[in-house]
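**Q** Sequence:
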Amino acid sequence: MLEQALEESRKREEDAKRREEDVRRREEDAQRRAVKLEEMVRKLIQEVGYTNGQFAGGSGPKKQQDFGANLKGSGA
26 MLEQALEESR
36 KREEDAKRRE
46 EDVRRREEDA
56 QRRAVKLEEM
66 VRKLIQEVGY
76 TNGQFAGGSG
86 PKKQQDFGAN
96 LKGSGA
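Sequential numbering of the sequence shown, starting at 26, is according to this note's numbering.
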């Protein structure tokens with residue numbers, strides 16, 4: 026009976042260690058994914074910053090355009 030209790034205790038301890046290791050591994054994986062996501066977002070923001078400059082109302086660096094100048098010659 027004592028041996029059985031010791032064996033069960035040992036198994037519970039091993040299970041707890043496995044769970045702790047799994048949690049640690051998941052946390053490390055989540056941290057790596059977060060870093061990759063931050064890098065992806067940073068790259069996308071850079072790309073959008075350059076691209077949005079080509080369109081009116083974009084939030085990126087804008088080229089100065091006088092949209093009314095095109096209408097002056099058309100009689101509108």
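A hint or two may mislead.
[Unchecked claim] The calculated lysine to aspartate or glutamate pairs, modelled on DMTMM-like cross-linking and capped at a C-alpha distance of 25 Å, are: (1) Lys42 x Glu53; (2) Lys42 x Glu52; (3) Lys42 x Glu63; (4) Lys42 x Asp54; (5) Lys61 x Glu46; (6) Lys68 x Glu46; (7) Lys36 x Glu46; (8) Lys61 x Glu72; (9) Lys42 x Glu32; (10) Lys36 x Asp47; (11) Lys68 x Glu45; (12) Lys61 x Asp40.
Hint data in this document are derived by calculation from the structure and do not stem from the laboratory. Treat the numbers as computed from the prediction; the structure is a model and nothing was measured.
**Q** Take a quick look at whether lysine 42 and glutamate 32 sit within 25 Å of each other, Cα to Cα.
**A** 15 Å, holds
**Q** Between lysine 68 and glutamate 46, does the CA-CA distance stay at or below 25 Å?
**A** 33 Å, violated
**Q** Does aspartate 47 sit within 25 Å of lysine 36, going by the straight-line distance between their CA atoms?
**A** 16 Å, holds
**Q** Take a quick look at whether lysine 61 and aspartate 40 sit within 25 Å of each other, Cα to Cα.
**A** 31 Å, violated
**Q** Within a Cα-Cα threshold of 25 Å, do lysine 42 and glutamate 63 meet the stated pairing?
**A** This hinted pair is violated, its Cα atoms lying about 32 Å apart.
**Q** Take the C-alpha atoms of lysine 68 and glutamate 45, compute the straight-line distance between them, and say whether it is at most 25 Å.
**A** Answer violated: lysine 68 to glutamate 45 is near 35 Å, above 25 Å.
**Q** CA of lysine 42 to CA of glutamate 53, is that 25 Å or under?
**A** 16 Å, holds
**Q** Given the hint that lysine 61 pairs with glutamate 72, does the C-alpha gap stay at or below 25 Å?
**A** Holds. Lysine 61 to glutamate 72 sits at ~17 Å (cutoff 25 Å).
**Q** Given the hinted pair lysine 42 and aspartate 54, is their Cα-Cα distance within 25 Å?
**A** 18 Å, holds
**Q** So if I understand the rule, the pair passes when the alpha-carbon distance is 25 Å or less; does lysine 61 with glutamate 46 pass?
**A** With a Cα-Cα distance of about 23 Å, the restraint between lysine 61 and glutamate 46 holds, given a limit of 25 Å.
**Q** Would you mind confirming whether the straight-line C-alpha gap from lysine 36 to glutamate 46 stays at or under 25 Å?
**A** 15 Å, holds
**Q** Lysine 42 and glutamate 52: Cα distance at most 25 Å?
**A** 15 Å, holds
Going down the numbered hints, you'll see the structure goes against 3, 6, 11 and 12, while the others check out.
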